[in-house]
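Q: Single-letter residue listing:
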Amino acid sequence: MIKNYGQRYTFPIMVWLTVFFVIPFSIILVGSFLEKGLYGGFEPAFSIEAYKALMSDTMRKVTLNTIFISVATTVLTVLLALPTAYHIARSPYKEKLLFLVIIPFWTNFLIRIFAWIAVLGNNGLVNNFFVNIGIFNSPVQLLYNKWAIILIMIYTSLPFAILPLYAVIEKFDFSLLEAARDLGATKSQSMFKILIPLILPGISTAVLFTFIPAFGNFAIPDIVGGTDVRMLGNIINERLKTARNWPSAAAISMILTTISVVMVLLFNRIISSKERKIGGNI
Amino acid sequence: MKDVLVRSHIKHRISGSFFWFTMLFFYAPLLVLIVFSFNEGRSMNFTGFSFKWYKVLFFDSAKLWGSFYNTLLIAVTSALVSTVIGTLGAIGIYWYNFKMKRYLEVVSYLPIILPEIIIGVSMLMFFAGMNMPLGLSTIIIAHITFNIPYVLLIVIARLSEFDYSIIEAAHDLGATEMDTLLKVIIPMCIPGILSGFLMAITLSVDDFVITFFVTGPGASTLPLHIYSMLRFGLSPAINALSVILIVGSLAMAFMSKKLFKHMFN
Amino acid sequence: MIGGTVKVHNVSKNFGTTQVLKDIKLEINAGEFFSLLGPSGCGKTTLLRIIAGFEIPTSGDILLDNESVINKAPNERHVNTIFQNYALFPHLTVFENVAFSLRLKKIDKNIIKSRVAEYVNLVRLQEHINKYPAQLSGGQRQRVSIARALINEPRVLLLDEPLSALDAKLRQDLLMELDRIHDIIGITFIYVTHDQEEAMSVSDRIAVMQEGNLLQVGTPFEIYESPADMFVADFIGASNNIEGKVIEVTENRAYIETPDIGRITVDLDKKLKASDHIKVTLRPEKIHISKKAPSLDSPKWNCISGKVDQMVYTGSHTRFIIKTEHGRVFKTFKQHAQYFTDEEPIQWEDNVYMWWHADDSFIVEVNGNR
Chain A
1 MIKNYGQRYT FPIMVWLTVF FVIPFSIILV GSFLEKGLYG GFEPAFSIEA
51 YKALMSDTMR KVTLNTIFIS VATTVLTVLL ALPTAYHIAR SPYKEKLLFL
101 VIIPFWTNFL IRIFAWIAVL GNNGLVNNFF VNIGIFNSPV QLLYNKWAII
151 LIMIYTSLPF AILPLYAVIE KFDFSLLEAA RDLGATKSQS MFKILIPLIL
201 PGISTAVLFT FIPAFGNFAI PDIVGGTDVR MLGNIINERL KTARNWPSAA
251 AISMILTTIS VVMVLLFNRI ISSKERKIGG NI
Chain B
1 MKDVLVRSHI KHRISGSFFW FTMLFFYAPL LVLIVFSFNE GRSMNFTGFS
51 FKWYKVLFFD SAKLWGSFYN TLLIAVTSAL VSTVIGTLGA IGIYWYNFKM
101 KRYLEVVSYL PIILPEIIIG VSMLMFFAGM NMPLGLSTII IAHITFNIPY
151 VLLIVIARLS EFDYSIIEAA HDLGATEMDT LLKVIIPMCI PGILSGFLMA
201 ITLSVDDFVI TFFVTGPGAS TLPLHIYSML RFGLSPAINA LSVILIVGSL
251 AMAFMSKKLF KHMFN
Chain C
1 MIGGTVKVHN VSKNFGTTQV LKDIKLEINA GEFFSLLGPS GCGKTTLLRI
51 IAGFEIPTSG DILLDNESVI NKAPNERHVN TIFQNYALFP HLTVFENVAF
101 SLRLKKIDKN IIKSRVAEYV NLVRLQEHIN KYPAQLSGGQ RQRVSIARAL
151 INEPRVLLLD EPLSALDAKL RQDLLMELDR IHDIIGITFI YVTHDQEEAM
201 SVSDRIAVMQ EGNLLQVGTP FEIYESPADM FVADFIGASN NIEGKVIEVT
251 ENRAYIETPD IGRITVDLDK KLKASDHIKV TLRPEKIHIS KKAPSLDSPK
301 WNCISGKVDQ MVYTGSHTRF IIKTEHGRVF KTFKQHAQYF TDEEPIQWED
351 NVYMWWHADD SFIVEVNGNR
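Chains as they are written, first to last, in the working numbering: chain A, 1 to 282; chain B, 1 to 265; chain C, 1 to 370.
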C-alpha cells in the first residue's frame, strides 16, 4: 500500500503561503477596522472610520475614474484581442504569429510605458513632429489624462487577453460554422450564435486578465496620470506613504480585493456552467 | 464554392487587418525607442547617428548597474526557492488528498487573481509589524511569494499529462518514494519545472509594483531605477537601456522557445 | 522460471458505502494463464490491484505461494503489473525503462546490459532499444512495459486490460504475442479484460465477475458450453434464452412447455422434476436454418418456424434474426461453407425452419437456482 505523502510534499508551500500571504492579508482585513496610528501603523481599537471616509467626494471621484478607466480598457482590449486572436488561430503560421504577441510580454513593463512617453510626451516624437512642421505652435499635452492611461493599459494587457482567446479559438471546431451556414445562418449569425457562445470561457478569462490588473493598477496612473487623474491604487499608496493613514489604505485594499474576488467568482461561474453544459474543456 | 472562397478570404482580410494593426500598436513605440537610442542629441529630434548613450549607459551608470545586479540576485534566488516549493506543492496537490487541501488550493490561487498592489501593501504592513528592515531580503521574500503560485500552476499542468499509474509502475518495479521522486517524477516534469523557473525569473525581473512597496533604502532594482528615471528626469540613456532590455528579452524568448522545442520532441 | 500460485481468501473491498468485491474466493494455479472477465465496474480491476498491492482489501487475505502478502508493499511482492495505459516513463528510453528496476537494485552494468537485451529480444524490440516511448506505436509501448515487468522475474504477472488502448487488428497480434511469451516464460499470468473473445482465446481458465461477485470459474469450454447462470450465458458469446415449465421428465430428457415457442425437449443437464421452472440457453451456432422443412429422424430434435426479420451478410457467414409467430426473436447464423449451394438462398422476410438437438441446449437455472 502506498502511504500518503501529500502532507509532506505540501508542507513547505503550506507554511510559506500561510506566513507570507495569509497572515499579511489578514493584517489588511483586520487593520481596515482599526484606528490609525500617529506615525503610520494601527491603534488596536475598533473603528469603521476608514470605511466611512470612502464616502467622501474625492473618493467618489477617484472610484468613478477607476471604474471608467478599467471598464473602457477591458472593452477595448477584448474587442481588439478577439480578431487578432482569431487571425492567429486560423493562420497557417500560428506559432510564429503567437510568438510576435509574446515578445512584448517579455519586454519590461516600465520600458513599455516609457516607449509611449517617448512617443506622446510633451517632448515626444508626435509633438516634436507637429511643432516642427508648424501645425502646433507649442507642444500639446497628450499624456496625463484618462485616455492616455487607457491607451497604455490596453498596450500592457493586450497579450494577456490575446493568449486565452487564442487558446479557445484554436480548439474551436470550425466545421460548426460551416454547418451553421449549411443550415441557413448568415455569416454574422453563425459568428454570434455559434462561435461567440462557444468561446465564451476564453472571453471571460480575457476580461478577468484585463479588468483586474486595470482596476487595481498603480504604476500606469502614477506615471502618466498626472495630478488630475488618480485611481484607487494611487490613493492606497498616498495613504500608506504620505498621509500615513494605514487603516484607510487597508480599507481601500479590501474594496479592491472584494471586487476582484467577486469578479472572479462571477466569471468562473460562467466558465464552469458553460463547460458543464458543453462538456469538458473547450 | 467560389463565393465561399472569396468570402472567407474577405473574412481573413478583416481579422488580418486587426492583427497587423495590433502588431503596429505593439512594435511602433518599441521601434521609436530603438531608433532614438542611436540619436546624437538629447531630444526626440533625430540629429545624427551615435553610440553616445550606449557609452553613457555602460561606463557612466554605476547606480544602474548596481540595481541590475540586485535584480539578477533577487530573480535567481526567488526563482530557485519558489521552483522548489512550487514543484513539491504541485506534486502533493495533484496526486494526493490530505487535510487542508482545499485551503491550500484557495490560498495558492488568490495571489494570482488579486491586484499586485494588495500583495505589496499587505507585505509592507506585515514586515513593518514584524519589525523587519526593508531591503533585499524583504524583496526576495515577496518575490518568492508571488512566484510560487505560477510555478505551481505550470508544474500541475505538466503533471496532468501523466497518469497516476506511472507512479504505481515505479513502486511496482521496486522504487521507494524517494527513488520515485528523484528518478521518475522530477525528470518527467523537467520541462514544466524549467518553464516554471523561467516564468518566475521573468516575473521577478519585471516586477515593479510589489517591489516598490517592500523595498528599503539602498535596495534598488532595475524596474525601480527606471521608475525613478521616469519620474525624476529622463536621460536618453534610458533609450539605450530599453534597447538592451528588449534585445535581452528577445534572446530569452528565442532561447526558451528553442529549449522547449527540443525538450518536447 | 516457474510461476507462483495465488490464493484469494474471502476478499471483500468497500469504497465508502459501496461494496465492490463481495467475499471473493479464488485459487490460481502455478503457470496458469488466468483471466478475470466481466463488464466494467464488476470489480475485476480492483481485485487485480489488491493482488498487486495498490489497494488493501477491507477483509480477507491474499496468499502468494501459500504465504500471506497482505502486509507487503507492491515492491515487496513477487508480482509485477502491466498497466492499461502502459505507464512507461516518458523521459527514459526503451533500454532505460526496461533497466529501471535493475538499476534501482544497483546491479552491475554489464549484467544489466545483457539482461535488458535478453528481455527486449523476448518482446522483439531490438531495433527500438534507444527510442523514447513517444517514438513508439501503442503496441510497441505495451511490449516495452511487458519487458520492463518481466525483467524482475516475477512469480506472477498481472495484466490490467493491456490491450484496450489498441485497435482491433493490433489487439489480435499482441494477444498472440502474450500467449507466446507466456509459453516461453511459464510464469502465472492474471489477465483482466472485459472482452470475452480475448479471454476465451488465450486463457487456461476464466473467472467471470459481475457487480463484485464471482459467478463462475472454469475453462473457456466449460464457461461457454455450461454457463453457471443467465448472466454468464449472455455475457460470453450470444445466447437465445428460453424459459419454460417442465411437463414430463423421462429417463434422459425432459419436455418443457414454453409460453412463446410451444413444447420443446431438452437434455437432462441438471436434475429436473415436473413443474420445475427452468431457463435454457441455446447458442446461435447450434441452430440449423433452412427454407425447406427438415426431415428429423429422432424425437430429440426441436423444430420451430419463423420469418427472417433481419439479416446481415458478413462474408464468412450471414447472421439472421428470426421472429416466430408469437413475436419471439432468435439469433442464428449460417456459414458460407460452399460457394455454390443447391439450396435457394434465404431472403429477407422468408419463412424459415429452425431446428436443434436436445443435447445442444443447456439448462442454466432451475427454479431460479444455478
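It cannot be assumed that every hint is accurate.
Negatives, chain B to chain C, calculated, CB over 12 Å [stated by the list, open to error]:
| no. | residue |
| --- | --- |
| 1 | Ser50 |
| 2 | Tyr54 |
| 3 | Lys99 |
| 4 | Phe162 |
| 5 | Ile167 |
| 6 | Gly174 |
| 7 | Thr176 |
| 8 | Lys183 |
No more than 20 Å apart at the CA atoms, straight line, and that leaves these computed lysine to aspartate or glutamate pairs for EDC-like [stated by the list, open to error]:
| no. | chain 1 | residue 1 | chain 2 | residue 2 |
| --- | --- | --- | --- | --- |
| 9 | C | Lys270 | C | Asp297 |
| 10 | C | Lys245 | C | Glu222 |
| 11 | A | Lys171 | B | Glu161 |
| 12 | C | Lys292 | C | Glu211 |
| 13 | C | Lys169 | B | Asp163 |
| 14 | C | Lys113 | C | Glu96 |
| 15 | B | Lys258 | A | Glu178 |
| 16 | C | Lys291 | C | Glu225 |
| 17 | C | Lys109 | B | Asp179 |
| 18 | C | Lys72 | B | Glu161 |
| 19 | C | Lys105 | B | Glu161 |
| 20 | C | Lys106 | B | Asp179 |
| 21 | C | Lys331 | C | Glu248 |
| 22 | B | Lys183 | C | Asp61 |
| 23 | C | Lys25 | C | Asp65 |
| 24 | C | Lys291 | C | Glu343 |
| 25 | C | Lys331 | C | Asp359 |
| 26 | B | Lys183 | B | Glu161 |
| 27 | B | Lys183 | C | Asp359 |
| 28 | C | Lys72 | B | Glu40 |
| 29 | B | Lys257 | A | Glu35 |
| 30 | C | Lys245 | C | Glu349 |
| 31 | C | Lys279 | C | Glu349 |
| 32 | C | Lys270 | C | Glu349 |
| 33 | C | Lys292 | C | Asp309 |
| 34 | C | Lys7 | C | Asp108 |
| 35 | C | Lys105 | B | Glu177 |
| 36 | C | Lys331 | C | Asp260 |
| 37 | C | Lys25 | C | Glu76 |
| 38 | C | Lys72 | B | Glu168 |
| 39 | C | Lys109 | C | Glu96 |
| 40 | C | Lys273 | C | Asp309 |
Hint data in this document are derived by calculation from the structure and do not stem from the laboratory. Note that the Cβ used here is the ideal one computed from N, Cα and C, for glycine as well.
Q: Are Lys109 (chain C) and Glu96 (chain C) close enough, with their CA atoms no more than 20 Å apart?
A: holds (12 Å)
Q: Mind checking the alpha carbons of Lys7 (chain C) and Asp108 (chain C) for me, to see if they're no more than 20 Å apart?
A: violated (35 Å)
Q: For the pair supplied as a hint, Lys292 (chain C) and Asp309 (chain C), confirm whether the alpha-carbon distance does not exceed 20 Å.
A: holds (18 Å)
Q: Over 12 Å to the closest beta carbon of chain C is the bar; see if Gly174 (chain B) clears it.
A: Nearest chain C Cβ is 4 Å from Gly174 (chain B), so the label is violated.
Q: Are the Cα atoms of Lys183 (chain B) and Glu161 (chain B) separated by 20 Å or less?
A: holds (17 Å)
Q: Does Lys331 (chain C) pair with Asp260 (chain C) here, judged by a C-alpha cut-off of 20 Å?
A: Distance ~15 Å between Lys331 (chain C) and Asp260 (chain C) Cα, so the pair holds.
Q: Is Lys292 (chain C) close enough to Glu211 (chain C), meaning Cα to Cα at most 20 Å?
A: violated (45 Å)
Q: For Thr176 (chain B), is the shortest CB-to-CB distance to chain C above 12 Å, so the non-interface label stands?
A: At about 8 Å from chain C, Thr176 (chain B) fails to clear the 12 Å cut-off, so the statement is violated.
Q: Checking the smallest CB distance to chain C, is Tyr54 (chain B) really beyond 12 Å?
A: holds (44 Å)
Q: Looking at Lys99 (chain B) again, its CB stays over 12 Å from all of chain C?
A: holds (18 Å)
Q: Starting from Lys257 (chain B), check that the Cα of Glu35 (chain A) is at most 20 Å away, please.
A: violated (52 Å)
Q: Next pair to validate is Lys105 (chain C) with Glu161 (chain B); report whether the Cα-Cα distance is within 20 Å.
A: With a Cα-Cα distance of about 29 Å, the restraint between Lys105 (chain C) and Glu161 (chain B) is violated, given a limit of 20 Å.
Checked against the numbered hints above, the structure violates hints 4, 5, 6, 7, 8, 9, 10, 12, 13, 15, 16, 18, 19, 21, 22, 27, 28, 29, 30, 31, 32, 34, 37, 40; every other hint is satisfied.
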